[in-house]
Each structure stands twice: as structure tokens, then as C-alpha cells.
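Trainee: Same order as they appear, the protein sequences are chains H and S.
Under numbering that gives the first Met the number 0, the residues of the first sequence are numbered 0 to 152, in order.
Under numbering that gives the first Met the number 0, the residues of the second sequence are numbered 0 to 103, in order.
Keep in mind that the hints were calculated from the coordinates and are not lab data.
Hints may be right or wrong, so weigh each one.
[As the list claims (entries may be wrong)] No more than 20 angstroms apart at the CA atoms, straight line, and that leaves these computed lysine to any residue pairs for SDA-like:
id : chain 1 : residue 1 : chain 2 : residue 2
1  : H       : 61        : H       : 97
2  : H       : 122       : S       : 58
3  : S       : 63        : H       : 1
4  : H       : 99        : S       : 51
5  : H       : 102       : S       : 55
6  : H       : 102       : S       : 1
7  : H       : 69        : H       : 54
8  : H       : 122       : H       : 107
9  : H       : 102       : H       : 39
10 : H       : 115       : H       : 82
11 : H       : 61        : H       : 41
12 : H       : 102       : H       : 15
13 : S       : 5         : S       : 76
14 : H       : 122       : S       : 5
15 : H       : 69        : S       : 58
16 : H       : 122       : S       : 63
17 : H       : 2         : S       : 1
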Amino acid sequence: MSKPEFVYVTYIETTPQQLWEALTDGDFTERYWFGVRLRSDWKMGSSFEMVHGDGSVSDAGKVVEYDPPKRLAYTFVNLSETYRNDIPALATFELEPHGKLVKLTLTHAGFAEGGKMLPAISKGWPAILSSLKSMLETGRPLEIPRTAIKPEG
Amino acid sequence: MDEVFKALADASRRSLLDRLHARNGQTLNDLCDGLAMTRQAVTKHLAILEQANLVTTIRHGREKLHYLNPVPIHQIGERWIKKFERGKLAALGELKRQLEQRDE
């Protein structure tokens, strides 16, 4: 297997069970993941989808590992025309308890050469993981204001 | 967060982060290559970066690979910048970019 393109680590003051729920339950993901609900029955090989508020599906793939509350892995790729040269890459989450904290390691591997998913996820994951950490520790996800991504006109 | 700032307050360590930013997932040998630093010094700096969670390592076969971990830096941005000034900074960043492009 090729080496992962990205490895992200964050330490979250929570329990593995709570973090697991936050990673797999659509009601949770909607709160910290730019309003995205993850949809899957989480059986090996089942479909995995990112569903938006209007019901549209932006990204889809398959469940590869589901071993609560330790390891979760799924593939996904954005379905829009922009990403037509991309292939589903594998995101793997590992949860390790360390006292009061849980170390969450996310590796992402298997992107298409020259594709557009890699630059997109490398911006997306740090924001999503920060927001997830904030939600679990303070009860509030980070609100990412529009002004944060658009210059003032 | 103290550790993050301490780790960033050193030009050699920032240059190691730059190298990982340019190419993620490098071995110690890759990182030492072409640097005017001893292997020992690089190892020490990497340990400090890892302690601050700015660099993370994984085993890949027989190799230990180093990755830039942008999550703590993102959190600094959220904590001190985004709340107040991000919009203005984004505008200034854009202006700087356009001016620099014009220079080229």
C-alpha cells in the first residue's frame, strides 16, 4: 500500500465512546461538519454518503472498517464534475484513550495523482477536526463565519 | 498550546515544518538530506515538534514517516484570529497576493 498523503492528530478531552458516536452519528456530524450528515448502516462494504441539508449527496464511498470504539475506515470521493479525475480515497480514524484524553489519528491515503480531492481535504479536515474537538469539549462546535472564507468587499 | 508556540519559536524547526509542508510523509533521512544540521539536531527538533503535536509519525512498513499536523495551528487561528480579524486579514492577504503577482 502507498504511504498516506496526510496524517492528522488531535487530542480531545472525551471518551472513546462519545468520540465514536460523534464520528458516526449523523445528528452529531451535522453539528460540526459544515452541516453534513453522514449516512451509512456501517456494515462492511455498505455505502457511505455525505448528505447536505437539502438532501443532496456531495460525496460517496464505502465502509471499510467498523470496530467501535477503536477503528473506523471509509472511502469517499466528491461526486461533482470538478472531481471527475479523482478516485475514492481511504480515510481511517484510530481512537486511543490516554487518561482523560482520546488521541484521534486520521490518515487519508490513495488519492488520484493530480486529482483535486487532496487539496480540498487538506483544507477541510483541520477545520472539521477542530470543530469536532470544540463540540466535544465545550458542547459547542466552532462556527465558521462566512467572513472567514470571503474577503470583505 | 504553550508547547506549540515554544516549538514554533525556532527557525530550524520552522524550516523542518516547511520541508514537510512541501512534501509530507518523510523519513528522518529524507529530512536530513541537504540540511546544514546534524542528524542529532534534527532528531531533537523533531522530538520537540512531535511533543507539540505539530509533527506526527506513523510506521509504514519498516520506515518511520513524519507528517506535518496542521490541526494545532488551525486551533490557534480559531482561538485568536478568526474571531476578530479573519475577514480583514483575508482581504489583506488577497491584496498582498495580487500586488505580488503584478510584480512577477
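Trainee: Work down the list of hints and note, for each, if the structure agrees.
Mentor: Evaluated hints:
1. H:61 / H:97: 30 angstroms, violated
2. H:122 / S:58: Violated - the C-alpha atoms of residue 58 of chain S and residue 122 of chain H are around 24 angstroms apart, more than 20 angstroms.
3. S:63 / H:1: 14 angstroms, holds
4. H:99 / S:51: 18 angstroms, holds
5. H:102 / S:55: Measuring from Cα to Cα gives roughly 12 angstroms; hence the hint holds.
6. H:102 / S:1: Given pair residue 102 of chain H, residue 1 of chain S holds - Cα atoms ~19 angstroms apart, limit 20 angstroms.
7. H:69 / H:54: Roughly 30 angstroms between the alpha carbons, so the hint for residue 69 of chain H and residue 54 of chain H is violated.
8. H:122 / H:107: 13 angstroms, holds
9. H:102 / H:39: 24 angstroms, violated
10. H:115 / H:82: 6 angstroms, holds
11. H:61 / H:41: Judged against 20 angstroms, a Cα distance of about 9 angstroms means the pair holds.
12. H:102 / H:15: The hint holds at about 9 angstroms.
13. S:5 / S:76: 16 angstroms, holds
14. H:122 / S:5: 25 angstroms, violated
15. H:69 / S:58: 18 angstroms, holds
16. H:122 / S:63: At roughly 25 angstroms apart (the allowed maximum being 20 angstroms), residue 63 of chain S and residue 122 of chain H break the hint.
17. H:2 / S:1: Given pair residue 2 of chain H, residue 1 of chain S is violated - Cα atoms ~31 angstroms apart, limit 20 angstroms.
Going through the hint list in order, the structure does not satisfy hints 1, 2, 7, 9, 14, 16 and 17.
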